[in-house]
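Peer 1: Residue strings, one per chain:
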Amino acid sequence: MRCRITRARLVAAWTWNANDDLCGICRLPFDGTCNACKTPGDDCPLALGECRHAFHLHCILKWLSSETSRNHCPLCRQEWQFQQR
Amino acid sequence: MAGGRSKNAGRRLRMGIHLPSKVVVHLMFHGHVQFPSVLQTGAASRHLPHAGKHSLRCDAPAAQRRRIFQSRRDLALESARSVRNGVFRFGAGAEAVVMSTPARRRLIRDFKKLQQDPPAGISAAPSEADVLKWTGVIFGPEDSVFEGGVFKLTLTFSEEYPNKPPVVKFITKVFHPNFYYGDGGVCLDLLQNSWSPIYDVAAVLTSIQSLLCDPNPNSPANAEAARLYLEDRREYNKRVLQCVEESWLT
Ligand SMILES: [Zn+2]
Ligand SMILES: [Zn+2]
Ligand SMILES: [Zn+2]
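Order-wise, the sequence lines are chains A and B. Per our numbering, numbering of the first sequence is gapless, rising by one per residue and ending at 80. Per our numbering, numbering of the second sequence is gapless, rising by one per residue and ending at 1704.
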């Protein structure tokens, strides 16, 4: 017997690989978006620091651009450096 | 934080608010106590329906004084409850009035977290009209001079929250080395230089609560309180007790 597949629909699941489920800044899950965005995924990615703390990219950028931050990681207060890989 | 020890300190009422299970009434039964004069004024009785009924005389029999104090304590608890009612009213209409900005969305999350997991001895809710304006209550921690105090404060957030801290002011006058007696401002490094966007309303209030019993006299906002705290603890405690009593009236 032979069958012919005429159409297939693929579904993929993904999840960010972070230590925590929630972004400490906006308190929303990494699998969703930050609280300024609508589409999860590449449009609202996750950012890892050298200190291995993770936040939504948008959230950490907004924090780093505020003068209160003095470029510190919100969690450990070390100078924030994006992890190079 | 102060939360640890006082975990079971408050009686948890149905809607998740913590009230002190015990209110200090000692001091009041002996010696000469200066009663807050506001009690007798028209303004006070307008806020507190029962206040005008009690004229207070220091030579009144102990039983009578006790009765008056009990009714004042009830008033304090009642005012605490009215804050809880504020919480409840907000809960009903909140979702509908939220203007969607990141700061406001984050504040709604803070509020939900406060309701689901209320820290001991504090309570807070945004105003119905504006999510950026909150009212909070800190109950004086048990086994401290501030025990029994019901201290109200306002928290004003900006659209930059949580990247900028809120402005916190006491409505209740609090005699404390790190609180400005005049405008009620709070001198706390967490609200200035060491602010981090991972803090929320609960974190702000619990830090202020632990500052209550653990003042930092080296960066005083109230020089007199700082001096008395360091040099004359008896007088300091007396002034604190006075403000605890007065806190029942605001
Ligand atoms: Zn985020
Ligand atoms: Zn985003
Ligand atoms: Zn870090």
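Simulated from the structure, these hints should not be mistaken for lab results. Certain hints may be false.
Unchecked claim - Stretches of chain A that chain B covers, calculated by requiring three or more beta carbons in the stretch to come under 8 Å of a beta carbon on chain B:
#1 16 to 24
#2 37 to 49
#3 66 to 77
Claimed, not checked - The calculated lysine to aspartate or glutamate pairs, modelled on DMTMM-like cross-linking and capped at a C-alpha distance of 25 Å, are:
#4 B:K1567 x A:D16
#5 A:K33 x B:E1700
#6 B:K1623 x B:E1601
#7 B:K1566 x A:E74
#8 B:K1623 x B:E1613
#9 B:K1627 x B:E1613
#10 B:K1692 x B:D1597
#11 B:K1587 x A:D26
#12 B:K1692 x A:D26
#13 B:K1566 x B:E1613
#14 A:K33 x B:D1597
#15 A:K33 x B:E1613
#16 B:K1618 x A:E74
#17 B:K1618 x B:E1601
#18 B:K1627 x B:D1571
#19 B:K1567 x A:E45
#20 B:K1618 x A:D16
#21 B:K1627 x B:E1614
#22 B:K1623 x A:D37
#23 B:K1627 x A:D38
#24 B:K1566 x A:D26
#25 B:K1627 x B:E1700
#26 B:K1623 x B:D1637
These numbers come from a predicted model, not from an experiment. All C-beta atoms, glycine included, are put in the ideal place defined by N, C-alpha and C.
Peer 1: So, for every hint listed, does it hold in this structure?
Peer 2: Comparing the hints with the structure gives:
| no. | hint | result |
| --- | --- | --- |
| 1 | 16 to 24 | holds (count 5) |
| 2 | 37 to 49 | violated (count 0) |
| 3 | 66 to 77 | holds (count 4) |
| 4 | B:K1567 x A:D16 | holds, 16 Å |
| 5 | A:K33 x B:E1700 | violated, 49 Å |
| 6 | B:K1623 x B:E1601 | holds, 20 Å |
| 7 | B:K1566 x A:E74 | violated, 32 Å |
| 8 | B:K1623 x B:E1613 | holds, 18 Å |
| 9 | B:K1627 x B:E1613 | violated, 28 Å |
| 10 | B:K1692 x B:D1597 | holds, 15 Å |
| 11 | B:K1587 x A:D26 | violated, 30 Å |
| 12 | B:K1692 x A:D26 | violated, 54 Å |
| 13 | B:K1566 x B:E1613 | holds, 19 Å |
| 14 | A:K33 x B:D1597 | violated, 49 Å |
| 15 | A:K33 x B:E1613 | holds, 19 Å |
| 16 | B:K1618 x A:E74 | holds, 18 Å |
| 17 | B:K1618 x B:E1601 | violated, 31 Å |
| 18 | B:K1627 x B:D1571 | violated, 28 Å |
| 19 | B:K1567 x A:E45 | violated, 30 Å |
| 20 | B:K1618 x A:D16 | holds, 23 Å |
| 21 | B:K1627 x B:E1614 | violated, 29 Å |
| 22 | B:K1623 x A:D37 | violated, 42 Å |
| 23 | B:K1627 x A:D38 | violated, 49 Å |
| 24 | B:K1566 x A:D26 | holds, 20 Å |
| 25 | B:K1627 x B:E1700 | holds, 8 Å |
| 26 | B:K1623 x B:D1637 | holds, 7 Å |
This entry does not satisfy hints 2, 5, 7, 9, 11, 12, 14, 17, 18, 19, 21, 22, 23, going by the numbered hints stated previously.
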